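*Asks:* At position 184 of the sequence shown (counting the first as 1) the number is 184 in full-length UniProt numbering, and the numbers step up by one without a gap.
Calculated from the structure, these hints are not laboratory results. Among these hints, one or two may not hold up.
Said to hold, decoys possible - Within a straight-line C-alpha distance of at most 30 Å, the following computed BS3-like cross-link-like pairs (lysine-lysine) qualify:
| hint | residue 1 | residue 2 |
| --- | --- | --- |
| 1 | K215 | K246 |
| 2 | K172 | K215 |
| 3 | K337 | K216 |
| 4 | K490 | K404 |
| 5 | K215 | K59 |
| 6 | K376 | K298 |
| 7 | K246 | K161 |
| 8 | K215 | K428 |
| 9 | K404 | K428 |
Predicted model only: the values in this text are computed from it and were never measured.
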Amino acid sequence: MSNAGRFIPNREGIDLATSYSLLPSSTSTSGSSTPSSNHRSKRKTANVDSDAQTEEANKTFDSLLRTELFGPSSLDNIPLLRSPSSARTSQYTAATSPGGGGGGHSPSHPKALFSFTSPTRKRIARDPTVTDRGLDSPTHERYSLSPVRQESQRLLMSPRKPVRQVSKVPFKVLDAPELADDYYLNLVDWSSNNVLGVGLGSSVYTWSAQTSEVKKLCDLAEADPPDSVTSLAWVQRGNQVAVGTKNGMIQIWDAQAGRCIRKMTGHTARVGALAWNDHVLTSGSHDRLIYHRDVRIKDHWTHKLAVHRQEVCGLKWSDDNQLASGGNDNKLFVFDKMSETPLHRFTDHIAAVKAIAWNPHQHGILASGGGTADQKLRFWNTLTGNLLQEVNTGSQVCNMLFSKNSNELVTTHGFSAGQAQNQVVIWKYPSMQQVAQLAGHTFRPPMADADRTPDPNQVLYLACSPDGQTIVTGAGDETLRFWNAFPKGKTERKIESSILSPFGGIR
């Protein structure tokens, strides 16, 4: 369209979304244009988390906008503007006030909005993007009918690594009646034999992920005196599970045979944390003590650690035989092997430290999460004792674990000063960019308040399947929810590719 020296390109026939595979806006109104039925059928409409896609699209748009406004060669030298409105105001003032003078002068209006002249050698010399040879090329940018620069076209059309999509809906939900809503307990664990163990009230139940068979392993209410389950942990190899009780007892059960094979004493209060390291079982209690127990010998414990001043609520062994312990005294300790003297003492947290996880991909990298008053994830180098980084999550950190298949970790959250919706969060490590936010656990209101909308609940319990792909979370809503959180491991991907390969059977 042209009029008296003005040229306005007609964009009606250009579909930028189709040409450059742009993401549709999730906040479009009912009156906005919608894609055709063919395009709609090709797009995935499943409940898949789009946070990572949106973040990637925002980064692309930011790069595209800077390239369009300032050109590709000056991106590194452009200062950040304070606000778009101030930038527009300064540009308007400069354009309407000749010589930058005061407000007494009336703005001058040019006769044409745009002026077009043939390029001269002086103008070509001033423009670093234009050369004599370039103007002779029919593909030069000056002759392009595209609404964006060639650099922007290359940015949009260049191949990008696909964003991993995580389903926001659990693929399985199991009822867990009497699952305690207690921050200091550890009642869910997943064995290497693909059997999930959960403590419900005074009983321990097992659920087979292969057969979906549920078994009642034990009922401590039948003991003398009656007792209840406060923690459980599977040994790394085999069918044995350790059960901590409210009365301070520890029982070891053979899950396959369904019988108790040993009872151990030592604690005088509830045992809220258990951790295995081969044949060594470590227990932490409300009595502030930590015991190392060698299950091969008859002694009930071999080493006693008295470093915490309040309840011990977190215990984790690393592959390098280092023990991390967290307590309600806001302290985090690291011990080397069976030593009774801590190797490191970290005091940065200002709330209880229950969430503890070791990085399986890097030696000596420990992650810890603080309670309601802290709300931070901290990463430590236990080889040097240095704090690597900290991340404010905005809510109580209840549990966490690293993925063994990828450089990611998952955290579960509880109380928050604001309206935090992130109950389960998957992060990239070490960038700590959020991959997905999963919500679903809700507090069940009493029958008298049945009409009240359920509130988000603390996600207290977390465990991962042996293949490293599925996580299970538990909360005070008395449900266990299973999520496809992490990608497959490299070995499994190699096996699948070899099976699908047409040359896999050729010798």
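*Asks:* If a hint holds in the structure, say so; if it does not, say that too.
*Replies:* Consistency of the hints with the structure:
Only pairs whose Cα atoms come within 30 Å are accepted, and K215 paired with K246 is accepted, the gap being roughly 22 Å. With a CA separation close to 18 Å, the supplied pair K172 and K215 stays within the 30 Å bound. For the suggested pair K337 and K216, the alpha carbons sit about 35 Å apart, so the restraint of at most 30 Å is broken. Using a Cα cut-off of 30 Å, the hinted pair K490 and K404 holds, with the two alpha carbons roughly 10 Å apart.
As the CA atoms of K215 and K59 are separated by approximately 50 Å, the hinted pair breaks the 30 Å bound. Taken as a hint, the K376 and K298 pair is broken in the structure, with Cα atoms around 42 Å apart against an allowance of 30 Å. The hinted pair formed by K246 and K161 fails the criterion: a straight-line CA distance of about 50 Å is larger than 30 Å. Of the supplied pair hints, the one linking K215 and K428 is violated, its CA atoms being roughly 36 Å apart against a limit of 30 Å.
Note on K404 and K428: the hinted pairing holds, with a Cα-Cα distance of about 13 Å set against a maximum of 30 Å.
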